Each structure stands twice: as structure tokens, then as C-alpha cells.
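Residue numbers (numbering that gives the first Met the number 0), protein chains in the order written: chain A, 0 to 436; chain B, 0 to 436; chain C, 0 to 436; chain D, 0 to 436.
No lab work stands behind these hints, which were simulated from the structure alone. Note that the coordinates shown come from a computational prediction; the quantities given were computed from them, not determined experimentally. Using N, Cα and C, we set each Cβ at its ideal position, and we do this for glycine too. Keep in mind that a hint or two might mislead.
[Said to hold, decoys possible] Label pairs and their calculated CB-CB ranges:
(1) A:Glu60 / D:Lys3: 50 to 56 Å
(2) A:Val188 / D:Lys3: 18 to 24 Å
(3) D:Glu422 / C:Asp212: 41 to 47 Å
(4) D:Gly226 / C:Asp215: 54 to 60 Å
(5) B:Asp73 / D:Asp135: 51 to 57 Å
(6) C:Asn164 / D:Asn241: 34 to 40 Å
(7) B:Met347 / D:Asp135: 32 to 38 Å
(8) A:Lys223 / D:Thr71: 41 to 47 Å
(9) C:Asn164 / A:Lys283: 47 to 53 Å
(10) D:Gly63 / A:Asp142: 57 to 63 Å
(11) A:Asp348 / C:Asn164: 51 to 57 Å
[To be verified] Listed next, the in silico DSSO-like pairs over lysine-lysine satisfying Cα-Cα at most 30 Å (straight line):
(12) C:Lys417 / D:Lys223
(13) C:Lys134 / B:Lys214
(14) A:Lys417 / A:Lys105
(15) A:Lys167 / A:Lys134
(16) D:Lys299 / A:Lys359
(17) C:Lys359 / B:Lys225
[Said to hold, decoys possible] One-sided excerpt, in silico: chain C residues whose CB lies under 7 Å from chain B:
(18) Met339
(19) Arg363
(20) Ala366
There are 4 protein chains.
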Amino acid sequence: MSKKGLKIVTIGGGSSYTPELVEGFIKRYDHLPITELWLVDVPAGQEKLEIVGNLAKRMVEKAGLPIQVHLTLDRRSALKDADFVTTQLRVGLLDARVKDETIPAKYGILGQETNGPGGLFKGFRTIPVILDIIKDMEELCPDAWLINFTNPAGMVTEAVFRHTNWKKFVGLCNVPIGMVRGAADLLGVEMDRVRIDFAGLNHMVYGLRTYLDGKDVSKEVMEKYKGSRASMKNITATPWGNEFIEGLGIMPCGYHRYYYQYQAMVDHQQEDVKKGESRGQVVKKVESELFELYKDVNLKEKPKQLELRGGAYYSDAACNLIASMYNDTKDIQPVNTMNMGAIASLPMDCAVEVSCVITKEGPRPLAMGRLPIQVEGLVQQMKSFEQVATDAAVSGDYNTALVAMTINPLVRDENKAKLILDEMLEAHKEFLPQFFK
Amino acid sequence: MSKKGLKIVTIGGGSSYTPELVEGFIKRYDHLPITELWLVDVPAGQEKLEIVGNLAKRMVEKAGLPIQVHLTLDRRSALKDADFVTTQLRVGLLDARVKDETIPAKYGILGQETNGPGGLFKGFRTIPVILDIIKDMEELCPDAWLINFTNPAGMVTEAVFRHTNWKKFVGLCNVPIGMVRGAADLLGVEMDRVRIDFAGLNHMVYGLRTYLDGKDVSKEVMEKYKGSRASMKNITATPWGNEFIEGLGIMPCGYHRYYYQYQAMVDHQQEDVKKGESRGQVVKKVESELFELYKDVNLKEKPKQLELRGGAYYSDAACNLIASMYNDTKDIQPVNTMNMGAIASLPMDCAVEVSCVITKEGPRPLAMGRLPIQVEGLVQQMKSFEQVATDAAVSGDYNTALVAMTINPLVRDENKAKLILDEMLEAHKEFLPQFFK
Amino acid sequence: MSKKGLKIVTIGGGSSYTPELVEGFIKRYDHLPITELWLVDVPAGQEKLEIVGNLAKRMVEKAGLPIQVHLTLDRRSALKDADFVTTQLRVGLLDARVKDETIPAKYGILGQETNGPGGLFKGFRTIPVILDIIKDMEELCPDAWLINFTNPAGMVTEAVFRHTNWKKFVGLCNVPIGMVRGAADLLGVEMDRVRIDFAGLNHMVYGLRTYLDGKDVSKEVMEKYKGSRASMKNITATPWGNEFIEGLGIMPCGYHRYYYQYQAMVDHQQEDVKKGESRGQVVKKVESELFELYKDVNLKEKPKQLELRGGAYYSDAACNLIASMYNDTKDIQPVNTMNMGAIASLPMDCAVEVSCVITKEGPRPLAMGRLPIQVEGLVQQMKSFEQVATDAAVSGDYNTALVAMTINPLVRDENKAKLILDEMLEAHKEFLPQFFK
Amino acid sequence: MSKKGLKIVTIGGGSSYTPELVEGFIKRYDHLPITELWLVDVPAGQEKLEIVGNLAKRMVEKAGLPIQVHLTLDRRSALKDADFVTTQLRVGLLDARVKDETIPAKYGILGQETNGPGGLFKGFRTIPVILDIIKDMEELCPDAWLINFTNPAGMVTEAVFRHTNWKKFVGLCNVPIGMVRGAADLLGVEMDRVRIDFAGLNHMVYGLRTYLDGKDVSKEVMEKYKGSRASMKNITATPWGNEFIEGLGIMPCGYHRYYYQYQAMVDHQQEDVKKGESRGQVVKKVESELFELYKDVNLKEKPKQLELRGGAYYSDAACNLIASMYNDTKDIQPVNTMNMGAIASLPMDCAVEVSCVITKEGPRPLAMGRLPIQVEGLVQQMKSFEQVATDAAVSGDYNTALVAMTINPLVRDENKAKLILDEMLEAHKEFLPQFFK
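Put together the whole structure using the sequences plus the hints.
The structure is reproduced here in C-alpha cells:
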């Protein structure tokens, strides 16, 4: 890719996830010979950056690898001549997440920090920063790829394709890989013998067909899937009904509970909020414990506790993706990329989450045809929402934001939408300059 | 159209609406010279048919017109050589409607007798009957047009195009004409100077653009539309928010409150149900009063009270449509017809509600392009629902019905969906043979 | 439309067609009360403008109507506050047409002054002028409609939609109306009882279905159409083969002979060119005779001889269209307009020729679905050509022009394309500044 | 894939290509451990089958591999439990090809044995046989894949998807691999560093983008491509013009000369036919020499002379494809498969030639979006032709066949089409029972 050696830049480098990322790079050093790893953060995150960065240095040192780890607050100098840039930033940190989850709850509405009202505001805070990074990349490392695993990954990817000309962008999610693991468990086989045709949007992806050693075993899997609690660590796992799964015919993801088991999700959320245990609050506690661990100068590897953090396998998936692109391995991974007609139910140039073959020239989506009618409309509705949402995120237009909030399938109510919107704009004011011009 | 004179058949002829229909035919006799009007009903409706039919005969007699009015329970003999067939039937009568509205309410879910869970069951009861009528028409009057104004008009139209080869079908609704009236009022002009580009689905139709004397006045209308309570008689009319309407940019219909003002709709419904005043219950009372009036042998015209009935202008719209087709007047009316690409956001061969020019060869949809993104997804989701719903209505498959109920945008919950489905299947058992094979 | 009275501007007013146009306006004065008619031309056409313009004045005077006829070389002052603008200009006059037809013939290739190599160059000369007029209109009469009947009408319409934001544009053609006349003749009925569903491109339009009094009589018409010589005055009318027409299943237009009877067309052309009787040469002779007649101060009406001119009914069709728009008559006419999904086989925003209902807000295309496969591909290929052609016309890029010439279905040969292109660029140099920057 | 060992069946096993195929299997034995190879042919080909089959046996024996080679005329017993079936049959043998090429030439029309009039008849002869084989496979080896390299590969693939429910079908062509080789040569690098995004139809495929080590080098390649004679052995290689290639912007294949250099192709053909050296005649001579060689019992490997045969690398490509599927190698190869939206310019369910990732579950097309407008229309036209052609091939309808012949871009003339059609139907009568029912 570049003669000088391989340079990777991680923006939001002070994240508690970074040790997993570093571990991923270390164990892949053989075929992903990184020479420079730059961890970048903002002034508010400097302390964390130092803690995590020093752990990263110790990990590399212990592994005995010639990877230089740089810590910096100067994003532009880090980006210069980068080969891969990863973004795992969290504008407003976990405090903002707590607001994303708890404010809508006051109005009896799910916060849902990725595709719901909370996610909408996370998008409002995040998208301008990502677009800014891309502006820098156009100038400083135009051949680099940007691998994003900041949520809402769907909305962020949509914003990049809808509001910039940058194409070298991949949005990553650990939900599909979890579904492969789940299917392998149900079949009682190793994961690498199972492949799933994924199609949909981020956190709204479906497994259309499942193959075992190249044979279509969708029916068997769906049969076993009934009553399954397969989900993500951060989503309450109520079981799926047999008849519903049979009628649906394809595999939903854990996040689909928000649209297919709405009441249970609301009930759990209300309880959690009452107990002061919204997901953000829980994670905040886990994180502060993690940072205590990270500070220990004797710690030279990723601590086991990180796996409780929720985004397990996220960073590993990122390392995997980068290694696959670097080595042109052509394995098939579901990522967020430009549709190009792969999902015929959605516009050609929008962001989708779909099985792609990963090549040196980037992820190439596999053509899937139309989605089955029983799920096509919901996916299209979410895409409508995402597009309006990114328009609001970029323009800072109040009315557009209100429409986005109202048409979100978890809201459906302009009156509540307005109350939530107003309260959240105020609460996140500091990070939403586009709305307060 | 036919040499023998013009024969019109009205199935569900015992409906309380029939006098309006008859009045409509009488006042258009000059250019719609009907020779035979056949009112058809089922045995359970015989008494009503007699009452209404005799009023119809008195009305025609008073008008001094040579229209023969026939009353019959024998649908097939009525259909023989018909030119136009209208359907205004109500399988299970108003008692069924009361169940459609009140059972979902028990679970905190809107019944919504057209596009909601109630509408789903109205579809389950109605679609097989309509498909049966079409089978008869293929044999007995293959050149006739079927004008349906039985709800759920969208689902019924979809079922015809999805499950038969019959093309001469129009689904009629009085919502769009009400929107034209509303826009004319807002502009302070006569209705006939106003035209609206309608596109969407039945009870989910939007006014994309408004013209006054051929000039696009959409902006002015939308400005005046803010805060408007424009709605249907049977939908609680909470005002639209200014910012929401500005953000939406196009004109919603009254029924959109179910998707954009969900909470208010639920609250009103819960109150109504508590008071024993669900719409079905109210209408039942109105209807029994109407039938008392109809019995009066001195009554020889449509009584004023009928206008309180809710579906005002419905029958008039039907007469209008028939007259326009008969005379090839080429006026532009929004009806439910096959898409043919008119709304590019939806499949080519599905049912849509869209502005059509009405010609002797039928309604011809005007090409509208894609719907604006802020509404595209919701319409697509409803279309997904409608298609799965008609598949369930025709097959009687339980799982398909469960999926349809769950993906309805007013439900979103497989657990509640199952409870409602089970209770409603039991409640309507008598009229749902396809589910009890 | 405007309080001040109705102002119409005709660019290329010195055309020999103008008397027909004026006659059309005179006979429609009752419902199209024009107050000002401005005939505009370029300095090179001043003499003709005077001759034709004075005839126009005499015609109006004889009719005793208060229409002011203005003759001018100042286009901008004419356009000011216009209600309708018609364009019937011919850049380079008939001499250019002769070159369009004869130069390709040297290489054994059909010139075809509308969709062939000749048409390509007519487009190159005409499109920049039309785009210039639109720039003026945006400034001087932004509410006016531009009705174009300058060929190549398809390419010109495509250029407007592809390279400007102007939407109030209609491209007119007399081919479809001729097909209605032909079908009426075959059926032995009056034209106004026949309607045809037209879909395709200019000079590549098909009659998909034919209705008589609203009844689909396509089969009968196609049966009678076999062996028909139905064509335009300017196209040699070899008969269609029975089996071919039966296989095609829908009605081709006269110009389809270029794609379905290529050899006969080439043979006739070669003969004509040899005899010095290319269509351009013939028309030139007819025209100079016409202008002799026009000079006669005693002539106060359109002379019969004009009907030999070829474009018969063209101007009448234009008057008709303007009257229909002015009066919102909603008759159904095929015109060139933006697709909007009406023909699903073609891009949403390209120019198509399709049956439209003519309203005060403009022509509204009727949704036709996909074209039958047996013709879909040819139409798509021509659309590809038209789009590349307009890109070349606007950019003046040589390579793009060469590709356009090569992919034209009458050429298919880059070597001949280059020879023709080079010779024609040189021959028309004076009128193609964009290629000689 | 199957426990019993790997069984491959080659229909048309007596073909002169077979030794290449066998060589391919032998050299891949390590990762493609075939246990049974069945060579099947028809009675008329029995002698050749014996000759080639015995050579195949000697080759396997010399390689010392435990592959059983079976020769049979009983297709059904061969197909039983097969894993892969390859078809390389030639209905009517080379004599038929000579007719395909020379009859159209009499009328000044290119025969073109794949996408032209000759190809149309090759399709008429071949498609019914392929559909028959599929019927057998549905019964005898429903899990097997059919790998077809019988021309016209595009039309045959279209027929399978359009007229059967069989999905496990791949159409193979050696044109794209030749384009990769050509591009590598132009860049002066090894083939395996070059990847091309292929999209289009068989023998009408384009290289949209070229990558070198993952970097987009399309511009450099196109620059070097100018004036290139890159072509197939069997297509006269006149150079491409610089300006044309620059305007086209993407890489055509050798067969595109038929549509972009028509005259040169016709001239060469006329010469060849005059000299009795049509491609079919040349190949016939080469083949009879090959069979002489094959008879030699001392020959135990593929003779060098086979490479002159024209379809070089064809069989190798087939072995490669089978090995990739068997081993799930996920390399990217262009094959003929179902579109599924990969090429947005074409219908979802038609056959396309497009870059696919080759997996154990079959080839998966990469989503390419729309084709560039300069080529979109020609490809769509050819697809129209292919679809009408397969309808004629299956139905045996004369009129449909005539339309197919006329709309072929190399014909464009119903009169010539009819003459050619009639003469060819007569000439091939024996192999076209569907037309002589």
C-alpha cells in the first residue's frame, strides 16, 4: 500500500476499547506489519489518552514488536500520510449517552442510542466531526481508508455518502458477526463453516440465508432460531415467538426487538432508568473501573474485564477488516458501504449494511436483489429517517430535525418529538453548534 | 358502452349510504342515463335492503325518471351484463367494526378500522368476498368496471391486483376530495379552481403540490395549513404543529395523525372506548336512526341526517367517477389503482392512491416520480404491510397474519400482535373460514 | 394566466410554417384570446420574417381580430412578459439540412435529420441556441412555457432537462397525431373516437394500445396494420411485413423504418442524393415557391400549397397544445416531456414522448409501466445516444461527439463516424462555436 | 460436497477441447480430487468420443491418478449423483456453424455465431437441449452445478433463468480473462496483480475499472489501450481509434468490434466467406487435424496444436471455476449468472456477465451500479434481443423469431431478417423440431 511502512491512526484513541484494538494489531502483526500507530484524542480526553496510550505502549513492548505508538491531540499531523484511519470517538462522552437514553424515557419513548431519538442526537453530535475528519483526509491522506466504528454507524455512513464525495469509507458493526456466532451455536458447528447473507441497515440487518459448508441450511437454522434469545449484550433478550419467526422467514438481529417487541423494550428501559441503570450509566461504571485497571503499570495486556464492556469483538472486527483489505484476502464480511444496487429495495447511492467481499480496492457489496416484502418496508422507513436525520445533522435545521424525530419508527408523534427535541437540543447544546448559529 | 342501456349493480345495496348514491345517479341522469339499478344484499341484510330499496324506488319515482330499481339477494343474476358494479358491503356489519376497534384497545393499541389492526381484520373478512365477486364478474360481465368503496380500500385494491388478473377495478376514497375542499377553504376560493397532486396509499395519501388556476401555490397553502385541524369527520382533529408541517413540506391527510400524532389518537380512542363511544358504536346508533327515517313511506329523498354518517361525499364521488368514465370527461381524480410506475417509490404493479385522469378506458395514473424522502419510507412500510396482509387474507395462514399484525406501524410488537390476533380470530370466526380450514 | 392579455412569442418567426400557426391562432381566438403575437428572427432571416410577418398581419386583419402582430430581431424585448414562447428555428437554414443529409450518405450511412448523424449535427447547432433562449426566459418571463417544435425535438428536450433547471418546456411532434389518424382510417371511424397509448422517444414512439370509444381494440388495429404503409410524408413508405408486425405486437411509427427496414431506407436515400433530391433539397424548392406566394399582398390566408411542406398539422398541434394548456381542457396528447417514471424502462428525469393529459399546470405524463421487451432495448439505446449527444452539444467535446456518432444505431462504426464527424464539423463550423473554442 | 468422492460429468465429451479440460483436472488434482469423470456424447459423436475419451484415459494413467474416466452415450446414467456437470456440446457440429456464418453473409449481414443471426440459430439449436439436461438434473442430481461453456453463453444462460427454476447454473466465457491478460501486458505486470470490474453481457462485456494491487489505474490503462488491437483469436483485430477509446472511457471487449467497427467486420467476413475460410471452415480443418493427433496411442498429453483452436483457456477457466467453488476460494471471476441487481441498468432476474466472488454456494455478483450512459443503451438493446430470442427458442414461434432477428443490432432490417430466417430454418431443420411442430 505504501512503501514507507504501514501507518494507522485511531481517532478517539483514549477510548476504553483501544487495548482490544492494540491486541488485535499485535496478534496480526505477521500479515499486518504496522510501523506507526497514532492514537489521537481531544483535549477533554487527554488524561484517558495518556492512560490507555501508555498501556498500549506496554502491550507492544511486551510483544516485542517494532510498532511505534504515538499519542497526540494534533489530529492533522497524525493524519498526514496515514494508510488507515479508524474512528471510535464519542462526542460528549458517556454523559451525553446517558442523556440520549434518559431524556426520551421521560416521555415514555425509547432512547435507543443508535437508531432511536438518542441515536439521532448522537448523530447530530458525531456527523459534523466525521465530516471534518474527512476534509482533513482529503488534504493529508487522500489514499487512506476511514474505518468507522462510532455509532450511529448507519447514519454516519449515510452522511458521508450523502454529504461528501469521499468514497473510501467503511462503517463497521459487530452485530452481524454475533449472528454468525449464534447460528453456528444453533447448528453446533464451528463459526468458519457458516456464512450468512446479510442485508439491511446498521442495527437493522437481516440474515437472508444461512449456508453451512456452502449448503443452504436456512430452514434448519430458522427452525432452531425459534424461541432463541440471540441478542447483543446491551439489548434485553426476550425470546422470539415461534410463529412470528416462522412467518418472518429470515433472521432478525438483536436490535429488531425495538421494532418487533416494542413494549418489552420500553418496559425494560423504564425500569433501568428508574434504577439509574440506563446502559450509559452501567457502561460509565464499567469504564471507570477499566481505567483504574489500565493505570496499573504492570498491566501489559488487554484485561479480561474489557469483554464485559459490550462492544466485544468490535475492535477485533476492525483489525480483521484492515488486515483483509491490506492483504486482499477476499473474505466475505458484512459492513456499511454504498449500496450500488446490492439491495434493490433501497436507493443506489445510500449506505447499507450488506455482505461484502473484502478486497484491496475496498469492500464490494454482493448483489442481493430485493428484500422480502415482510421486511422491505421497515428497512425503507429507517432509510428515510436516516436520510432526513443526516440532512438535519449537516444543516442544523430545526424543522428537519423535528421531522426526523417524528418519523423515527420509535416515536411517531410530533408532539412528543418536539418536547424531546427541545430538551435534548438544550442538553447537548455545547456539542451542536450547527443548531445554534 | 352497451347498446341495451346502462346497468349498474350495487353490492351491499342495503347500506345506509344507498340513498346518497341514488340521489347522485338521479341528479346526473342527463349524462348518465341509467336504465337499471340493481341493489344486491345477503340474506342477513334483507330487511335493510327492503327498507332502503323502497326508499330508492320512491326517490326515482319522485324524480320521474325511467330507472328500474331491482332488489335482490341473487348476486349472480344481478351481475349479468352489468356495466358498472359498486361494492359497499360490510361483512359482519357494524358489530364487527365495534370489535375491530375495541379489541386492540384492550391492549393499548389503536384499532384503526382501515390501516390498523382493525383494518387488517376488516380486510380478512372483506377480501375473499371481493375476490368472489370478481370471479362472478369474469364470467357474467367481463367488460364491467368494479368500483369499490368498501374499506380497507387500499388493502382490497392490493388484493385484487396481487391475487387476480382482473384489471377493471377502482378503489374509491373521499379523503382526497376533502383535502381539496380544505385547501380551497384555506385559499378562500372555489374548489374547482384548486387541484392537488395526490400520491401515496389509501388513508396515507399526501398532497405533493397544490395548484390554483394552474399556478403552483404549494408554499402559500402549506403556510396556511400550519395549525390546521383539517381532518375527516371520524378522526379526532388535533392541530398540526407549525414546525412539523414546515419540515414535512407537503400536505398530510387526516389519517396521518395515526402515524404523526400517535399518542393523542390513542388517548382519544381509550376515552371513547371507555364511554362506549367507539366510532362503530356511534355509527350504529346513527344508522338505526337513519333506518327509522328510511321506513317512512312519505320520505322520497335523501334525509339531511345522512350527512352526519361520516362517509359524506363518498357515494357522490362514486357517481362522479362513473359519470366521468362513462362520458370520458378526463377530469383528474385521485383513486386507488395500479401503480404502473406513477409513484416510483413503490413496486410497479401494486395498488396506489394517486391523481388519475379519468377516461373511458379507466383511470390513468399521472407519473409523480419518487415521493419526498421524508415520507417515502412510511408509505413503503405501509405497502409492505398491505402486501403481507393480503397474502394472509387469501391464504388464511396464521403466521403470515401474525407478521402482518406485527409490522403494522401502529403495532410493532409481536407479543401484543399475537394476543390481538388470537382474540380477533375468535371474535370474527364466523366470517373467516380461510383461517379455520 | 396573465391579466394584461395573452402574449405569444414565436422564435424563428420567419419560417414558412408561420402562416399555419397564425391560422391556428385565428381559428381558436374564441378560447385563446391572444393580444400580442411577436415573430422573432435573426438578421440572416430578416427578409423572410418581413414577408411572412406581413402575410400574418394581413391574415389577422382579414379575420378582424384585435391581435397585434410584432416583427422583431430583438429577442429579449420580445420575450419580456411572454405567456407562451414557441421555437421553430432552423440554425443554418435548409442548406445545413442538405449537408446533414448528404454528407453521411457519402459514406453509405443514413443522414436522418432527426435521430441519425444529421440529427446529431442539427442538435449540435440548435441546442446551444435553445439553452440561450431559456437563459433569457429565466430572466424575462419566468412563468412562460416554451413550446418547441424544432427538430431534433427529442434531443433538444433532453438537453433542456439534462443541462438546465427549466421545467416549463414541451417538445412537440406531429408523428403521433398522424398515427391516430392512421388508426382511425384503418378502423373506418372519426379520429376523435380513437385514442392511442403512446410511449417512447421522439421519432421512436410506439402505440402500445389503441382504444375505440374507450374499448381496447389493439388486436383489431394491429391486424389491419399489417402491410400498412402508414408513414410520414417525408419517409419513404415501404409496407410492413405481416409476420413482423404480428411479432412486434405494438404499433411502430413511420420513423421506425430506419431501424427495422434499414436497407430500403439507405437505398432510397442513395437514390435521392444521386438525383439531387434529398429531402432538404426538395423542401428548399417547396419553400422558395411558398415565399413567392407569401409575397403576394393579396394573399390573406394560408395557401393550400403549404400542406405539401411536410410538417403538416405541426403548427396546428402547437396551437392546440397552447389552447389546451390555457383552458385546462385536459385532453390527452402525446408530447415530449420529463419522464417522471411514466416509462419505467427509462431514467426518471430524462425526456420521453408519452401520452400526457394537458392541464393548466402543464402536460402530465400517464404512467405506462415498462415497454414490451421486444422494443425496450432499442428505445434505451436511443436514449443513451441522446444523452451522450446532448453532453457533446453542450461541452463541444470532440471525443464525446465521436462516441455519440458511433453509438447511433444507424452508424455502429467508429471509423465512418470519425470521417462523417470531421467532415460535418468543418461543413457546419460557422454554427458550432462550442467545438472550435 | 459429497461423501462418495467427486463426480464430474462432461456433456459433449467428444469435443476436441476435452484434452484441455482433462489436463486442467489433472494439474488441479491436489485440491480437486475427482474420483469419476464421465464423458457423454450423442450417437453421432460416438467416434470422436472414443478417440478423445481414450486419450483422456491415457492422460490420467500417465499422471498416475485414481480418476476413473467413463465414456457413455447414456446421459441419464452419467448424470446420476453428479457434483458438477459441464456442457460443451455443439448441436449440428461444425457444419451447422459454417451455415450460421455463411447464410447471413449472402445477404450482406454478419453471421456472428454468438450474438448475431448465427448466434440466434445456435441458440435455437442449443437451448432446448440445455433445458432438457436441466430437467434430467432436477431429477438425478439436484444439488449439482451446471457449468456451461457452449455458446451463445449469454442467450443460453438467459434461457435457463427465464424458462426454468434452476438456479445452479454458471455460463463461462474466456473473453474477460483475455482482457485481464491484455491489461496486464499493457501495464507490464503479472496478471495476478490486475483486477478488472467487469459488467455487461456475454461477448458484450466492458471493463469498467482496472486495479493494480488494489489501486485504481483505469486512466493509465485506457491511455495505453488506445490503438490497441486487443482481441480474441477469432475476431479480426483492427485497432481502436484513440479518440473513440478516450470518449468511451471504459474498456470494450474484442467482440465490441461488431458494434463499433461494423464495416471492417463485414468486409473481413465477406472476404473469408469468398475464400471459403469462414471461421467455422477454418476450425473444421483444425479439428480434423487434432483428431488425427488424438488417435495416436502414444499421445498421452494435450497436444500443443490445440492452442490454435481458438477457445484457448476456456477449459482451463472451467477447471478453475470448479476448483474455486469446490474449495470456496473466493477469488473474483467474471461469469454469466443471474443479475440480482448487480447491474442496475438491467432487469433484476436476467442473465449478465459480471465480476463475481466465487464461493462454495456459487458465484455471487458484485454490485456495480448503473452502466455508464455511453454503453448502457447498447447493452440493454442486446438484452432485449436475448430475451426475445430465448422466447422464440423455447416456443418455436416464427413471428417471435423474426422480431428477434430484426432487432438484433447487426440486422435492423425485417426484410433481410425474413430471408435469412427462412433460409436458416430450412438449413437447420433437423435440429429445430420446435419450429416444425
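For this session: Given the hint that lysine 134 of chain C pairs with lysine 214 of chain B, test it: the Cα-Cα distance must not exceed 30 Å.
Result: Since the Cα atoms of lysine 134 of chain C and lysine 214 of chain B sit roughly 21 Å apart, the hinted pair holds (cutoff 30 Å).
Exercise. Range hint 41 to 47 Å: satisfied by the CB atoms of lysine 223 of chain A and threonine 71 of chain D?
Worked result: 43 Å, holds
Exercise. Do the Cβ positions of aspartate 73 of chain B and aspartate 135 of chain D conform to the proposed distance bound of 51 to 57 Å?
Worked result: Once the Cβ atoms are compared, 54 Å apart, the range 51 to 57 Å for aspartate 135 of chain D and aspartate 73 of chain B holds.
Exercise. Does the hinted range 32 to 38 Å hold for methionine 347 of chain B and aspartate 135 of chain D at CB?
Worked result: Check passed, 36 Å falls within 32 to 38 Å.
Problem set entry | Beta-carbon spacing of glutamate 60 of chain A to lysine 3 of chain D - inside the hinted bounds 50 to 56 Å or not | 55 Å, holds
Exercise. Quick one, is the arginine 363 of chain C hint okay against chain B at 7 Å, beta carbons?
Worked result: 4 Å, holds
For this session: Could you see if the CB distance from valine 188 of chain A to lysine 3 of chain D stays within 18 to 24 Å?
Result: 22 Å, holds
Exercise. Do the beta carbons of glycine 226 of chain D and aspartate 215 of chain C sit within 54 to 60 Å of each other?
Worked result: 55 Å, holds
Problem set entry | Outcome for the supplied range 57 to 63 Å, where the beta carbon pair is glycine 63 of chain D and aspartate 142 of chain A | For glycine 63 of chain D and aspartate 142 of chain A the Cβ distance comes to about 50 Å; the hint is violated.
For this session: Sort out whether lysine 225 of chain B lies within 30 Å of lysine 359 of chain C, counting only the CA atoms.
Result: 27 Å, holds
Exercise. Measuring from the C-beta of methionine 339 of chain C to each C-beta in chain B, is the shortest one below 7 Å?
Worked result: 4 Å, holds
Problem set entry | Distance restraint between lysine 167 of chain A and lysine 134 of chain A, which requires alpha-carbon spacing of 30 Å or less | 13 Å, holds
In this structure, the earlier hints numbered 10, 11, 16 are contradicted, and the remaining ones agree with it.
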